[in-house]
Amino acid sequence: MTTRTTRRAGLAVVATVATAALFAACSPGEGVDVDGSGEGGSGDAGGILVAAIAGEPDQLDPQSTSSYFSFQVLENVFDTLVAPDENLVMQPALAESWEISDDQLTWTFTLRDDVTWHDGTAFDADDVVYSYRRIMDEELASSWRFAAVEDVSATDERTVVITVTNPSPNLLASIGGYKGVAIVQQENVESGEITTQPVGTGPFELSAYSSGERIELVAHEEHWGGAPHLDGVTFQFIPEPTTALAALAAGEIDWTDSVPPQQVGSLMEDSSIDIAQVGSNDYWYLATNQANPPFDDVRVRQAIAYAIDRDAITEATMYGNATVNQTAIPVSSAWYTEYDTYSLDTARASDLLDEAGVDDLTIDLMVTADYPETVTAAQVIESQLAEVGIAVEIRSLDFGTWLDEQGQGNWDMLMLGWLGNIDPDDFYYGQHHTDGPNNYQGYSNPEVDDLLDAGRTETDEQARQEIYAEAATQIADDASYIYLYNPAVVQTWSPDVVGYVARGDRAIRFADVSLDR
Amino acid sequence: MTTTPRLAPEPTHGTARRRAPWVRSLVALLHHKVAVAGLVVLAVLVVCALFGEQLAPYPANAVDISRALQPPSTAHPFGTDDLGRDVMSRVILAASVSLQVSVVSVTIALVVGVLLGLVAGYFGGWPDTVVMRVADVMFAFPVMLLAIAIVAVLGPGLTTAMIAIGVVYVPIFARVTRASVLSVREEPYVRAAVSLGAHPGRVIVRHVLPNVSAPIIVQTSLSLAFAILSEAALSFLGLGVQPPAPSWGRMLFDAKAFLDQAWWMGVFPGLAVFVTVLALNLVGDALRDVLDVRKTVND
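Residue numbers (our numbering), protein chains in the order written: chain U, 1 to 517; chain Y, 1 to 299.
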């Protein structure tokens, strides 16, 4: 599981840069010469692209922040050893190749030799060791990703060796899934400047930051993936979607992801802009607090799962820009498991409640206005559960309070989402393993624990797939989470923007983009 | 038996001079056309608040996604919102919330503020200094900001909204009351009572309070209007009434995202706030005219 969803919370945004040339050719429908260096195509016209994001980063240290706004910017400033391509398959980035020992316990990465930091100094293996040790030693946000890592060391300037305590098929996703595991510069960290003036290896470097207004990036000409086509990217903070869309229409900005779901339909018909709607790996769910009766009774949880109409919830919150799902992993993923046990069945729900001896149930449903979809969905859920005689009291909190309440167990039911997961371990371990750090609902099933433990170390892909299919099915049967839907990523930009690809992991990469105007 | 006729006001041929002051004021108010219009609106509102359940054509929270965002029609005169709920029913049912919040919060402000104002104005000295300096500090904060801060501490909800709005209006009542008391306490009839040895409590209740009530009544009606606005603002910010309970402010907030697709979601709750506040202001203005001592003397 990755970072918590939140506008501020991190998404696993993905690696930038570099891989550009790698998948440029397969960008669907874009047909642009993104790698136009050779023949000096339109891509070399340069220019500054202005992107509107919905809020300001809390800080610019990729390893410490959990804000999506930070990652939107830092995606273009930092690199990881490996990085996911559009299909979320890991590809070389700062590491040009790697080898795994026969016992699966030693990973040897060979680094590129043409990487320089934005300040001009050379990048080497010690930087990688420093970065990973920092995450582990300081227990930063993504330290859980390194749980299986025993040691990280540099054998020479271009070789990094990672030893793990047990076979870890998801190691590449752990060290490349998003920029929270980016390689940072020791000097930059120790001077404390990284929070406001980060020095990275990515395709763009920070040139100016006006708090409350914008962050300006300029091209890093020595970037190992080739100099970006753009001269720079400016990220403007525009919290109000209507304002952002008006600015796009007026040509003041070139790109935004502030698109209210209810407007997607009309924007799709607007020929003056380009809009993309891509299936994401995010998912939204309901959870009940299994420490509190009667939610410790699986029949009560199942009754709720039968009593809600996912189609109506999805329509009300996302206007069709989402796919209903009864488990976490979306149909677009290779790890998808077919599961459709629960369909709206109020009679079944009432029977289950009767069997459990529950009547007159009143549920406290905790939502947060920071994610308006939860407030909207809560009102739909309230009316649906009323049909089976369950009263719902909605409690809408600010997200900070919401997180505190969740941590302290002061809730019956809650709705939220997880964003940016890639590996199935991300989707299930933290949330559903008895010892999972995010198992706030208090779910415990030894069979599921065994499966999730086994999935972490199983190196045979087919066997691993089966393990997670079984785990996913059991988790959904037990209604540990009551899954609702996978939303689509919606982004819109001016037709002047050439070569931009909207990605399912919400990584915003401008390395291969050019402006044609 | 024999005493009864003496106490009753002379029914028909009594002149205005002989009626009780409040009756005189009421009659004057009823001659004020604008005020009557305001009172009619308020009466409708009170009826909605009391009998909303019977009047509303649909339940407030009847969600039906298939009917979402329907424009006004005979079935739904004010249209439906994004969850398919009937906007007219919600506007009607929200009246009770708005009235409840404004009446309770203004009552809090009235009771506490008037009490403090009376004490500060009548006794002067250190009670006056303490009360008025605290009031000054509270005045230094914008009203909404202070209310938001209070809600942040107590947690959002209907009760909190009442307390928050009540607290922020206390200094206004305290100041209005004190200013009047300062002039009234120098009047001969007050001095006479004091020199006859009346207990300060008795002097305040019997002689001071009745003579400072006019500005307080006017302030009350104007504060009710501001309280309705404040409640709408707090709910708009998600700090007042919690969904799915209907509230005009909350409905406006929900409508914001649909302004270019469903104008009716915002226009009708907005109108409800507008009309209510206007009515209270009209009545307040009329009361000010009617209760103005100088004007009465001139008449």
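Simulated from the structure, these hints should not be mistaken for lab results.
Each hint should be verified, as a subset may be incorrect.
[To be verified] Sample of chain Y residues at the chain U side, in silico, Cβ under 8 Å:
1) A49
2) G52
3) E53
4) Q54
5) P57
6) N61
7) I65
8) L83
9) V153
10) P156
11) G238
12) A257
13) Q261
[Stated by the list, open to error] Derived coverage of chain U by chain Y (criterion: at least 3 residues anywhere in the stretch with Cβ under 8 Å from a Cβ of chain Y; other residues may be distant):
14) 287-298
15) 310-324
16) 391-397
No residue lacks a Cβ here, since even glycine has one placed at the ideal position from N, Cα and C.
Comparing the hints with the structure gives:
1. A49: 22 Å, violated
2. G52: 18 Å, violated
3. E53: 16 Å, violated
4. Q54: Constraint on Q54 (chain Y) not satisfied, violated at 20 Å.
5. P57: Constraint on P57 (chain Y) not satisfied, violated at 17 Å.
6. N61: Where the cut-off is 8 Å and the nearest Cβ of chain U is about 6 Å from N61 (chain Y), the hint holds.
7. I65: With a closest approach of 4 Å, the I65 (chain Y) hint holds.
8. L83: 6 Å, holds
9. V153: 12 Å, violated
10. P156: This hint holds: P156 (chain Y) lies near chain U, its Cβ roughly 7 Å from the closest one there, short of 8 Å.
11. G238: Hint on G238 (chain Y): holds, closest Cβ of chain U at ~4 Å, below 8 Å.
12. A257: Hint holds; A257 (chain Y) Cβ to chain U Cβ min 6 Å, cut 8 Å.
13. Q261: Result: holds, 7 Å to nearest chain U Cβ.
14. 287-298: violated (count 0)
15. 310-324: holds (count 3)
16. 391-397: holds (count 4)
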